[in-house]
Each structure stands twice: as structure tokens, then as C-alpha cells.
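Q: Sequence:
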Amino acid sequence: MNFKEIQELLRLVSKSGVSTFKIKDGDFEMTIKSGQVQPSAPVVVAATPVVPATVAPVVQRTEEAESPKSGGSSTAETKYLEVRSPMVGTFYRAPGPDKPPFVKVGDRIDAGQTVCIIEAMKLFNEIESEVKGTIVKVVVEDASPVEYDQVLFLVEP
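So the sequence shown is numbered by the working numbering: it starts at 1 and just counts up by one.
Just so you know, the hints here were simulated from the structure itself, not pulled from any lab data.
Every residue, glycine too, gets a C-beta built ideally from N, C-alpha and C.
It is possible that some hints are incorrect.
Claimed, not checked - 25 Å max Cα-Cα, derived SDA-like pairs, lysine to any residue: (1) 137 / 150; (2) 99 / 112; (3) 99 / 130; (4) 79 / 128; (5) 104 / 81.
Unchecked claim - Now the in silico label distances, taken between C-beta atoms and shown as ranges: (6) 156 / 28: 41 to 51 Å; (7) 30 / 108: 32 to 42 Å; (8) 108 / 27: 37 to 47 Å; (9) 156 / 90: 25 to 35 Å.
Please construct the entire structure, taking both the sequences and the accompanying hints into account.
A: Structure below.
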């Protein structure tokens with residue numbers, strides 16, 4: 001059983017209201033317990049293959065005016081792609097506290113590349129890029145709460 005299947009299983013168990021859930025698949029065995037009150041009648045769950053839903057970030061174009069560092073103003077506009085949060089949760093730039101970030105400013109990214117993780121209800125969701133380009137700005141601070149449709153990254157195509 002892979003990580004995404006376990007995530008989906010945890011999500012389904014939390015929605016079902018079951019207090020204890022056990023699964024055994026060959027050598028793999030897992031028990032999930034929640035703090036909910038156990039129902040009076042036993043609940044039987046049929047084993048079905050878990051197919052995780054893919055989480056695709058919303059991407060939109062934005063225009064921002066660039067001003068030179070000399071203090072003057074410029075009318076030159078650059079178009080950026082906005083990578084937005086597909087859910088409410090906590091934004092993490094790296095897979096772990098002691099690991100390097102998935103992407104940094106200046107990195108080239110491809111469509112399908114993981115750019116961050118958003119934790120929602122104790123589930124860590126890898127967010128993949130739908131665009132190809134160069135990261136221009138990381139808009140959100142690491143370990144910060146994010147809202148649905150909040151801009152996470154600016155990408156130059």
C-alpha cells in the first residue's frame with residue numbers, strides 16, 4: 001500500500017465516523033483509531049481498491065508592474081502564472097523539517113512536478129505544478145495557514 005492510498009484511506013475512515021478500523025494486506029497491517037464514540041452496532045466495510053483523487057492547483061495569469069531598484073517607475077509589465085492553493089490547510093515548502101524545499105526562487109519546474117505540501121486534517125497532500133516555467137516568487141511563508149485559492153507561487157512561463 002503506497003502513501004497516497006493510506007492518505008485516502010485515512011480520509012475515508014475519518015468521514016465514516018468509525019472509531020476503529022483494521023486492515024491487513026499480506027505482510028502489511030494497519031489499525032486506525034479515532035476519538036469518536038463507537039457505534040452500538042458493528043460496522044462492516046468491504047475491501048475495495050483505494051483510488052486517490054488527484055489534487056490539482058488552480059493556475060491563473062496575473063500582471064505585475066516591475067519597478068527598477070533605482071527608484072524610477074517603469075511601464076514594462078511581465079506576465080506571471082499564479083499557482084494557487086486547491087484547499088485550506090498548512091503550507092510546507094519541504095517534505096520534512098530537515099529536508100530541502102521542493103522548489104526555490106529561480107528553479108525551473110515542469111508540469112506534474114511537486115512544488116509543496118498542504119496539510120489538511122492531518123493529511124499531507126503533495127501539490128503538483130500544472131505549468132512549466134521558472135519560480136519567480138514564493139508568496140507564502142513556510143508552515144503558514146493557507147486558504148482555498150490563495151496564491152502560493154508566481155511562475156514565469
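Q: Give a verdict on every hint.
A: Now for the hints, and whether the structure bears them out:
1. 137 / 150: This hinted pair holds, its Cα atoms lying about 14 Å apart.
2. 99 / 112: Status holds; Cα separation ~20 Å.
3. 99 / 130: Roughly 23 Å between the alpha carbons, so the hint for residue 99 and residue 130 holds.
4. 79 / 128: 21 Å, holds
5. 104 / 81: 16 Å, holds
6. 156 / 28: 41 to 51 Å: 43 Å, holds
7. 30 / 108: 32 to 42 Å: 38 Å, holds
8. 108 / 27: 37 to 47 Å: 40 Å, holds
9. 156 / 90: 25 to 35 Å: Distance hint for residue 156, residue 90 holds at roughly 27 Å.
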